[in-house]
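Using the sequences plus the hints, can you model the full thing?
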Amino acid sequence: MELTKLQQQYRIMASGTKAYCEEAQNAIRKHKQSIEQLEREEAELLKELNLARSNQNKLKDKGTVDKLKQLRDREEEAQAKIEEEKDKIKNFDLQIKKMEKAKRDQHKNMGGVHMSQQVQVASKKQVAVLENRLDQALKRFNTI
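Just so you know, the sequence shown maps onto residues 210 to 353 in the working numbering.
A portion of the hints provided could be inaccurate.
[Claimed, not checked] DSSO-like cross-link-like pairs, simulated, lysine-lysine; straight-line CA separation at most 30 Å: (1) K317 x K333; (2) K269 x K256; (3) K299 x K276; (4) K271 x K297; (5) K306 x K295; (6) K271 x K299; (7) K310 x K299; (8) K239 x K227; (9) K317 x K290; (10) K307 x K297; (11) K290 x K276; (12) K317 x K334; (13) K295 x K310; (14) K278 x K295; (15) K317 x K307; (16) K290 x K267; (17) K312 x K334; (18) K348 x K333; (19) K317 x K306; (20) K256 x K276; (21) K278 x K297; (22) K307 x K295; (23) K297 x K310; (24) K348 x K334; (25) K267 x K256; (26) K278 x K290; (27) K312 x K333; (28) K271 x K295; (29) K295 x K312.
Don't read these hints as lab results, they were simulated from the structure.
Right under this line is the structure:
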């Protein structure tokens with residue numbers, strides 16, 4: 210009886226050890242896979258870092274930086290021109306408003322829109338009257 214009990218305990222321990230061993234092996238396998246993955250990532254990152262540090266990329270970066278500086282300078286110049294043009298437009302708008310006001314004032318002083326036509330008609334009438342007088346005066350002068 211004691212022997213069977215010991216054999217049973219041995220089998221339980223053996224199966225427990227076997228299960229533990231399999232579990233440990235699975236954990237070790239997963240860790241190895243993680244390590245391999247991390248090593249591949251490290252190699253890739255080192256490769257990218259070396260590429261970034263290469264002279265060719267440094268020259269490209271310098272060229273890109275110079276081009277960006279030029280573009281920024283051109284943008285600043287364009288912005289300055291835009292502001293200058295906006296100021297000119299404001300000045301022109303002010304001049305236009307002054308001219309329109311002066312025109313309205315002159316129209317009011319002349320008596321409105323139809324007054325200029327009336328002035329023209331009156332002027333023509335006055336010219337006709339004066340021409341008629343001149344004509345009559347010439348006829349009288351010629352008769353003398």
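Status of each hint after checking the structure:
no. : hint        : in the structure
1   : K317 x K333 : 22 Å, holds
2   : K269 x K256 : 18 Å, holds
3   : K299 x K276 : 34 Å, violated
4   : K271 x K297 : 39 Å, violated
5   : K306 x K295 : 16 Å, holds
6   : K271 x K299 : 42 Å, violated
7   : K310 x K299 : 16 Å, holds
8   : K239 x K227 : 18 Å, holds
9   : K317 x K290 : 40 Å, violated
10  : K307 x K297 : 15 Å, holds
11  : K290 x K276 : 21 Å, holds
12  : K317 x K334 : 24 Å, holds
13  : K295 x K310 : 22 Å, holds
14  : K278 x K295 : 26 Å, holds
15  : K317 x K307 : 15 Å, holds
16  : K290 x K267 : 34 Å, violated
17  : K312 x K334 : 27 Å, holds
18  : K348 x K333 : 22 Å, holds
19  : K317 x K306 : 16 Å, holds
20  : K256 x K276 : 27 Å, holds
21  : K278 x K297 : 29 Å, holds
22  : K307 x K295 : 18 Å, holds
23  : K297 x K310 : 20 Å, holds
24  : K348 x K334 : 21 Å, holds
25  : K267 x K256 : 15 Å, holds
26  : K278 x K290 : 18 Å, holds
27  : K312 x K333 : 25 Å, holds
28  : K271 x K295 : 36 Å, violated
29  : K295 x K312 : 25 Å, holds
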